[in-house]
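Given chain A, work out where chain X with the ligand should sit, using these hints.
One-letter residues, chain by chain:
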Amino acid sequence: MVAKAQVLEEEKLPVAPAKDSVAASEVSLYRNVLKIKNEHTLENLGIAFYDAQTTIQWAYNGDQYFHAASTMKLAVLLGVFRQVERGELSLEAAVHIRNRFTSIVNQQPFMLDLGRDADPDVYGHLGRTLTIRELAYWMITKSSNLATNLLVEVVGVPTIQHALDELEIDGVRILRGVEDQAAFEAGLNNEVTANGLLKMLRLIADGRAYSKVASDEMLNIMLEQQYRSGIPAGLPKAARVAHKTGNISTVHHDAGIVFVEDRKPYVLVILTQFPAESARGTAVADVSRDIYNTIAGMTYE
Amino acid sequence: MSEPQQIKVVDAFDLDDELRSLLKPGEMVRDAQGRRKRLPRYFYEIPTHDAAIQIRLTPHFGINEFILVDLKEAQRLQQFPRYIPCAVRLLAFFLEQFRTVAGASIHIAVNGGYRSPAHKMSINATEHMWGTAADIYRIGPNILKTQELIAKFNDVAEELSDDVTVMKYGHDTGISVDDHVHIDLGYVTVVPREISEDRMEVPQENRPRFAFEERRRRERRAPQIAVTANNKSE
Ligand SMILES: [Zn+2]
Numbered sequence: 014m015v016a017k018a019q020v021l022e023e024e025k026l027p028v029a030p031a032k033d034s035v036a037a038s039e040v041s042l043y044r045n046v047l048k049i050k051n052e053h054t055l056e057n058l059g060i061a062f063y064d065a066q067t068t069i070q071w072a073y074n075g076d077q078y079f080h081a082a083s084t085m086k087l088a089v090l091l092g093v094f095r096q097v098e099r100g101e102l103s104l105e106a107a108v109h110i111r112n113r114f115t116s117i118v119n120q121q122p123f124m125l126d127l128g129r130d131a132d133p134d135v136y137g138h139l140g141r142t143l144t145i146r147e148l149a150y151w152m153i154t155k156s157s158n159l160a161t162n163l164l165v166e167v168v169g170v171p172t173i174q175h176a177l178d179e180l181e182i183d184g185v186r187i188l189r190g191v192e193d194q195a196a197f198e199a200g201l202n203n204e205v206t207a208n209g210l211l212k213m214l215r216l217i218a219d220g221r222a223y224s225k226v227a228s229d230e231m232l233n234i235m236l237e238q239q240y241r242s243g244i245p246a247g248l249p250k251a252a253r254v255a256h257k258t259g260n261i262s263t264v265h266h267d268a269g270i271v272f273v274e275d276r277k278p279y280v281l282v283i284l285t286q287f288p289a290e291s292a293r294g295t296a297v298a299d300v301s302r303d304i305y306n307t308i309a310g311m312t313y314e
Numbered sequence: 004m005s006e007p008q009q010i011k012v013v014d015a016f017d018l019d020d021e022l023r024s025l026l027k028p029g030e031m032v033r034d035a036q037g038r039r040k041r042l043p044r045y046f047y048e049i050p051t052h053d054a055a056i057q058i059r060l061t062p063h064f065g066i067n068e069f070i071l072v073d074l075k076e077a078q079r080l081q082q083f084p085r086y087i088p089c090a091v092r093l094l095a096f097f098l099e100q101f102r103t104v105a106g107a108s109i110h111i112a113v114n115g116g117y118r119s120p121a122h123k124m125s126i127n128a129t130e131h132m133w134g135t136a137a138d139i140y141r142i143g144p145n146i147l148k149t150q151e152l153i154a155k156f157n158d159v160a161e162e163l164s165d166d167v168t169v170m171k172y173g174h175d176t177g178i179s180v181d182d183h184v185h186i187d188l189g190y191v192t193v194v195p196r197e198i199s200e201d202r203m204e205v206p207q208e209n210r211p212r213f214a215f216e217e218r219r220r221r222e223r224r225a226p227q228i229a230v231t232a233n234n235k236s237e
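In order, the protein sequences belong to chains A and X.
For what it's worth, my numbering labels the leading residue of the first sequence as 14, then goes sequentially.
For what it's worth, my numbering labels the leading residue of the second sequence as 4, then goes sequentially.
These are computed hints drawn from the structure, not numbers from a lab.
Values in this document were obtained by computation on a predicted structure and should not be read as measured data.
Treat the hints with caution; some may be incorrect.
Stated by the list, open to error - No farther apart than 30 angstroms at their CA atoms in a straight line, the calculated lysine-lysine pairs in the DSS-like style are these:
1. A/LYS155 with A/LYS277
2. A/LYS48 with A/LYS277
3. A/LYS50 with A/LYS250
4. X/LYS75 with X/LYS148
5. A/LYS155 with X/LYS148
6. X/LYS75 with A/LYS155
7. A/LYS225 with X/LYS75
8. A/LYS155 with A/LYS250
9. X/LYS27 with X/LYS75
Stated by the list, open to error - Listed next, with one range per pair, are the computed distances between beta-carbon atoms:
10. A/MET124 with X/GLN36: 26 to 34 angstroms
11. X/THR149 with A/ILE261: 26 to 34 angstroms
12. X/GLU162 with A/ASP229: 53 to 61 angstroms
Beta carbons are placed, not taken as given, at the ideal position from N, Cα and C, and that holds for glycine.
Bound conformation, chain X alone:
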């Protein structure tokens, strides 16, 4: 019997100095074209490794898949509790659709989900720093190592919505070597419903505030008995 999932939402201004200096909430960064972007401020807090595995954003995407990093990420940000911008749930929604249309499981690569501003690959602003981009190296049994495969799945992803952007084959390098599909939603920030923005961009009275965003709303709204009955009949 599953309880409605709750994910703790934090205002990164309330985090300790080290975390704030790494996550840089609300700070400006420039993208490769020199355009200024304001970094996200509201994050999901993932308390433990177990929680990371248990928290589902969609039926097929757990939050753990978006936080796989290697030593390129700041040491502190590899430790639990981990943080990821709340916009990641929008990305998960589109990836779930992508999965359906592609007809195969989608594997987000290590370093291919959220990358903090302190991540070594975060040289310019990229959507990865907003939690709204995913690099995919494998779709079902296919390792994306040919131009044909990458182009094919790029097309599939782009057809999903005008909000979905993909990168052309060889986008990282400008020439003919590539090994993944990059899909993103642009620089989307999410202010969770439960958050109140009634304050200046500094911690107030040193008192951290947070909220719980409740997920799986339909299940929560349904009468308890009905839920139980449904579960049994399945």
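This is chain A alone, in the form it adopts within the complex:
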């Protein structure tokens, strides 16, 4: 049993106060996280979680900024639903599928390298249209870069940042779409903190991201996530996760809302950065497993 294992673990801790299992869990968690960080030779690790069942919130390095990679797509999703909620955009509106975008640096045009975008779902419609709803779906579930840049073009970066500001989500900075090489070279990147993404996901989980309807729509899209090597890989099969991964050469992130039977969901953000020479490991899944064990332990105490 997961819960039992957790208790045994705690008993071995010299500093854990016997009766305060929350404090004990925190110490245990902290120690395990450091272990994972060392084992995977991570350069940086940021974690934030909030458990709606126990109302415990915990963070490790929660305010450190990381390259956002594809977790920025959550902010785009938020920006889209802001406009939908305000009646300025329809989810059924048609968008011309076109692979040409403008860099935020010098307004230079650029095209996505679609060989890397594992994405016939969107690219296959080149020259035709997809709806906002379809683009949002592919942007999240298959991390389509083409869908992302099209949606960024539709709603605009200022609107996305405005959405973050008005929902008081600090720790998520959106400057541009994806694959803007000129911007990357100029050091202009989207950045996130674990606490920032946590705040955003908590609003969605609580139905407070603009409205219950909008939050549920976003949640349902995130539940269809097809890349499952991050948070879900550390969980029992029955767990459902509404999440978004973010992978580029040296970062591997996952941010999501975890639904486990018979308890309220918990929100978890894991940001990892590793040296260029080391391959992407299982750090995110390992942290996810650890957090799950800790939370399960607290629940069943």
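Chain X with the ligand alone, transformed into the frame defined by chain A:
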């Protein structure tokens, strides 16, 4: 057995306030060079989606291909009845020739046919607002994504007639990225034969007037029996 096609022609001054404010018939706009151009006033009215598909301007170009837009077009103008300047039939005529010479089907892109003055891409006057320009992203199986392909088909289009203008590779951006052929006939306006221009540029007595422009004249003129016989023999 096909009947002669009739396309309803409207004087945009007779349309409701919202449509007039979006189509801006007869109003002046400036092109990118600051030259003033008067927007078209006579439009084909396309009543339904089915009609858009059925109305052929030439053997290979239906009117629906010229009205494909996305959310950049004003919401009201995405609803039927739709409107498109009558000069579009001239464009269709040249595109049909283009198709023949290119030896492949021509695909007008979304937002690549008629764009109203309210369309988000209509910053300056462009021929798209006259219905006399088409952006083409695909010719037969070729997606036009290389400079070579675009230059090749630009040459083919330009050879058609002195009335046809194309844009150089990278015209939108001034540099080396492009994804389509733009072909246009300039700022051509058409006053359909059936229209009478005997009035000031305001609606008279609030009574809309329109005409029907009859298409496929040869078939219409031919004796009914002969037409039937021809159809059977084919
Ligand atoms: Zn054009």
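Would the pair X/LYS75 and X/LYS148 pass a check requiring their Cα atoms to be no farther apart than 30 angstroms? holds (23 angstroms)
Can you confirm whether the C-alpha distance between X/LYS75 and A/LYS155 stays at or below 30 angstroms? Between X/LYS75 and A/LYS155 the Cα gap is close to 26 angstroms, so the pair holds against 30 angstroms.
Is A/LYS50 close enough to A/LYS250, meaning Cα to Cα at most 30 angstroms? holds (25 angstroms)
CA of X/LYS27 to CA of X/LYS75, is that 30 angstroms or under? holds (17 angstroms)
Are A/LYS155 and A/LYS277 close enough, with their CA atoms no more than 30 angstroms apart? holds (27 angstroms)
That 26 to 34 angstroms hint for A/MET124 and X/GLN36 (C-beta), does it hold up? The hint (26 to 34 angstroms, Cβ to Cβ) holds, given that A/MET124 and X/GLN36 are roughly 28 angstroms apart.
If you draw a straight line from the CA of A/LYS155 to the CA of X/LYS148, is it 30 angstroms or shorter? holds (25 angstroms)
So the hint says 26 to 34 angstroms: do the beta-carbon atoms of X/THR149 and A/ILE261 match that? holds (28 angstroms)
If you draw a straight line from the CA of A/LYS48 to the CA of A/LYS277, is it 30 angstroms or shorter? holds (28 angstroms)
Restraint status (C-alpha distance of A/LYS225 to X/LYS75 at most 30 angstroms): With Cα atoms ~28 angstroms apart, A/LYS225 and X/LYS75 stay inside 30 angstroms; holds.
Quick one, are A/LYS155 and A/LYS250 close enough, alpha carbons at most 30 angstroms? Holds, because 20 angstroms separates the two Cα atoms, which is no more than 30 angstroms.
Outcome for the supplied range 53 to 61 angstroms, where the beta carbon pair is X/GLU162 and A/ASP229: The hinted range 53 to 61 angstroms holds for X/GLU162 and A/ASP229, with Cβ atoms some 57 angstroms apart.
In summary, this structure violates none of the numbered hints.
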